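Asker: Line by line, the protein sequences are chains A and B.
For what it's worth, the working numbering labels the leading residue of the first sequence as 1398, then goes sequentially.
For what it's worth, the working numbering labels the leading residue of the second sequence as 30, then goes sequentially.
Read the hints as simulated data drawn from the structure, not as lab findings.
All values derive from a computational prediction rather than experimental measurement.
Possibly wrong hints are sitting among the right ones.
[As the list claims (entries may be wrong)] Residues on chain B that point at chain A, a partial pick, calculated with CB under 10 Å:
1. A448
2. L452
3. T457
4. K459
5. F460
6. Q464
7. V479
8. S482
Built from N, CA and C at the ideal position, the CB exists for glycine as well.
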Amino acid sequence: MSATGTTPWVTILAAVPLAGAVLVGLTPRSRSDVAKVTALVASVATLVLAIVMAAQFKSQAPGYQFVQSYSWIPAFGVRYAVGVDGISLALIALVAVLTPVVVLASWQDAELGTRPPRLFFALLLVTETLLVGVFGATDVFLFYVCFEAMLIPMYLLIGSYGGARRSYAAMKFLLYSLFGGLLMLAAVIGLYVVSLHQGHGTFELASLERLRISSGVQDWLFLGFFVAFAIKAPLFPFHTWLPDAGAESPTGGAVMLVGVLDKVGTFGFLRYCIPLFPEASRTFAPYVITLAVIGILYGALVAMAQRDLKRLVSYTSVAHFGFIALGCFAFTSEAGSGAVLYMVNHGLSTGALFLVVGFLASRRSSRDIAAFGGVAKVTPVLAGLFLFVGMSSLALPGLNTFVSEFLVLVGTFTRYRVAAIAAALGIVLAALYILIAYQRTMQGPVVHQATLGLRDLTTREAWVMAPLVFLIVALGVYPKPLLDRITPAVQATYALAHRYDPTPPLAAVHPAALGTRGSGAGGGGRP
Amino acid sequence: MPALVRGAGVIATPSVSYRQISPLVVLFAAALVGVLVEAFVPSRLRRRVQIGVALLGLAGAFGAVAALHATHAVPVEGALAVDGPGLFLSGTILLFGFVSVLLLAERNLDSTGGALVVDAAVLPGTQGAGAMLGSRGQQTEAYPLLVFSVLGMVIFVQANTLLVMFIGLEVLSLPLYLLAGLARRRRLLSQEAAVKYFLLGAFSSAFFLYGLALLYGYAGTVNLGGIATAFAGNVGRTDSLFFLGLGLLSVGLLFKVGAAPFHSWTPDVYQGSPTPVTAFMATGTKVAAFGALLRVFYVAFGTARWDWRPLMWAVAILTMVVGSVLAITQTDVKRMLAYSSVAHVGFILTGLVAANRAGLSAAMFYLLAYGFTTLGAFAVVTLVRSPEGEANHLSQWRGLGRRSPVLAGSFAFFLFALAGIPLTSGFTGKFAVFQAAVRGGATGLVVVGVITSAVAAFFYARVVVLMFFTEPAADGPTVAVPSFYTSAVVGLALAVTLLLGVFPQAVLNLAHGAWPFVYG
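Please take these sequences and the hints and turn them into a complete structure.
Answerer: As structure tokens, this is what we get:
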């Protein structure tokens, strides 16, 4: 554990939105404007605090920073243990950025639900608290508690403020996630009992990583965690809840859901599956990579066939999650760092894409692609934004996603050549689904008379999009500050799994490198 | 007669430590005072006095249990077992009894006053029944009956011999058969519930008694520890009498806990009984029956652990599956909660199968946590009403969240607790029993447990969908404004459900420290 950074940042970042949620809940029912402002203040305050935390974070220090550990339920060895490494820092920052954006974006949407607007914002802030808990937890039990509890506010958000088939979508979301979560519970208990047999029962990550688990048990425990995360991520074939939940959520909810909540799955791969069950991770990696590649191609193909804009964005996410899972399980630091960077970039790009689509859908009261056509002539700024965000999503060089997609592919290529080549096809397909959607909705002649009266981007909407557009460009041009923090954490993760970067073939041939090859590559160095 | 007098000299008078049996004495006294009140106190004061006597008696008995906390003894010549598990469960039963009396005391909900009938003997459909509906009277015998039942439950969990256990079983059951038939509304359903409960209950008592007889024939004693010693010391002779007795005794006990395949009475009885009585049955009886089950299997059959565990595996799996799957098809809130209770019995049985200290403390914690949540849920059920009484059909709960968000929110919280969502007591309990089961080597059972939990989540979530995500029905139910009694129950249940979910350590310690059972 690092001695640097004693401020309990995770607790603070979790407490501020929670306090905000309570305050929002206490605002009078008739004054939804007070609730909105309170929510905005709380989420912006969280963002500011997150920036301060990021500034204090020492990028080269090993291990977790800003750690706290208190006994919580001694009977089960449960501790309130939190800490931040590069991976959690990036994702907590993403949560902190997206929440105020969502609050501002939902200014009017929250009024349309069946329940009072203040509840919408309170639930949103509670979700933020639990997400910070999920990313900051270093105790498996605490992680599990946040992981499962998070479902409830999201379930209520979708069900109370969503579209026409909202209760179906909310139910599907809850049941899928709960099913995965409960399988994980069995694995968590199994892990706990293994730790009991080897000394004392604990849930602390650092102690659990040192356990010696027989490979048969590892396989089962790995599967318990993996299925939960694969459903959450969602990885093909566990993805079918996402298009429903993504399409029926209110726009803000969809941004939260697809932008951040789903990252918990891929985050879980890196934080729990790989370090805790290294042997099982290696055993299952080829299967996971196969699923990931199928997901990339399948998600992209199905996205092209969608008629509903929000479903289209949801399916593009299935494809993107394939890339992230590919990066996680390729076991090279390029791919791993790329995957983490991809999580952040996907949150920004897809979040922005959902927002633009949401703006369009609320103007037209329809998410149908066929309800648009030639809209660029009426709303040029909105159309431009759509194109820009779409380009970011299809990984145009110069924009954020390109960096991460490239890293994932390069990192995968050194170990899984076929998978990398197949996944590269996904880039082509991505260009297709984005551009076809753009062409059908924005280009050509105006199809519907009703679209003629559509308003262009409003000032509030511009404020919503501005931070995202800025970050999409900034991270596309200069991702180094983020990568510098992510890479050591990713390398530490793979070191726990005894997976090191393969030795480049050239170095292997070079006589000077021959001497260091055996010790440098370690046991698992062969691709 | 001189012969008898001479004989009395041979039989030593039993030594009775009144301190150790003080909870029973207090309960018995309170129940008797209740009977006297019924006879002598004028009718206008009777209800209030009865409530006071019942609450005082239960609180006094709880105090007596608390005072005995570290006792480990077999008073009354080994008839009773005053030990950690017995006292923990007695305390739990007394708490649930206390809360149930509060629910029973509520009069603000029904325009005609209370959940209990004026005169249970009047036949439904006759002239008297019509006249009865208008009367604000109430059968106040319910209070002493409930205290008697609590007395039986406490005897049940503290019995050290099978005979005393049987007496406890009867003392707890007989008042419940009566109470089940006392609903003010839907008299036919209530009477059907009472008859069904009585017939099936009598049947299961007979099983219990037969098992008892066989075990006595095998071991030559009804003492629980004695049976264990006899089995352990039995080499060479056949054990068939023992296993027949074990099987029959298990049937009797599993009927009382409501485990599949002996669960079929639960939905009917839960639905027909007056809701406060249902709440009491779902919590008090469950604790008592589990207390006896745990004691019998840990003490009397403790040495035969490897023989009964496969049986209990099967029962636990069947109970979890039947409870969760059948609950999905229910359209009545009370029937749904009944099937949910069956599923929960399955989860608690995984703690029994663990057959270790962790399993015992987990099962006891689960019972306490589940009980408070269930009491809260049934308290909410009493508040949602239509002109005909409680609106129990789920379709009547549409859009309740819009109409009264606080009530619907509380119910949703209870449902999430029953579904085992973290930060509620339900999750802590589930975690406790499952980890005990894995420690006891029953990993397969836990896998079934988590899958059925996911199934169960479906019907809990469905009610939340109904309450919050659907439009209210035009002629939807009214939500009655409760008096202090019911509000206190809902508030207490909410607080306990949250507290045991976030800071369960104190109660976990209490349950953990209750080990071991006393032998002797």
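Asker: Look at each hint and say if it fits the structure.
Answerer: Results of checking the hints against the structure:
Taken as an interface hint, A448(B) checks out: its beta carbon lies about 8 Å from the nearest beta carbon of chain A, inside 10 Å. Evaluation of the L452(B) hint against chain A yields a held restraint, the C-beta minimum of about 5 Å falling below 10 Å. Hint status for T457(B) relative to chain A: holds, with the closest Cβ pair at about 8 Å, below 10 Å. Against a cut-off of 10 Å between C-beta atoms, the interface hint on K459(B) holds, since the closest Cβ of chain A lies about 8 Å away.
A hinted interface residue such as F460(B) counts as satisfied when its beta carbon comes closer than 10 Å to some beta carbon of chain A; here the least separation is about 7 Å, so the hint holds. Interface hint status for Q464(B): upheld, as the beta-carbon distance to the closest one in chain A is roughly 5 Å, under 10 Å. Contact between V479(B) and chain A, as hinted, is supported at the beta carbon level, the nearest pair being about 4 Å apart and thus within 10 Å. At a threshold of 10 Å, the smallest CB-CB gap from S482(B) to chain A is about 5 Å, leaving the interface hint in force.
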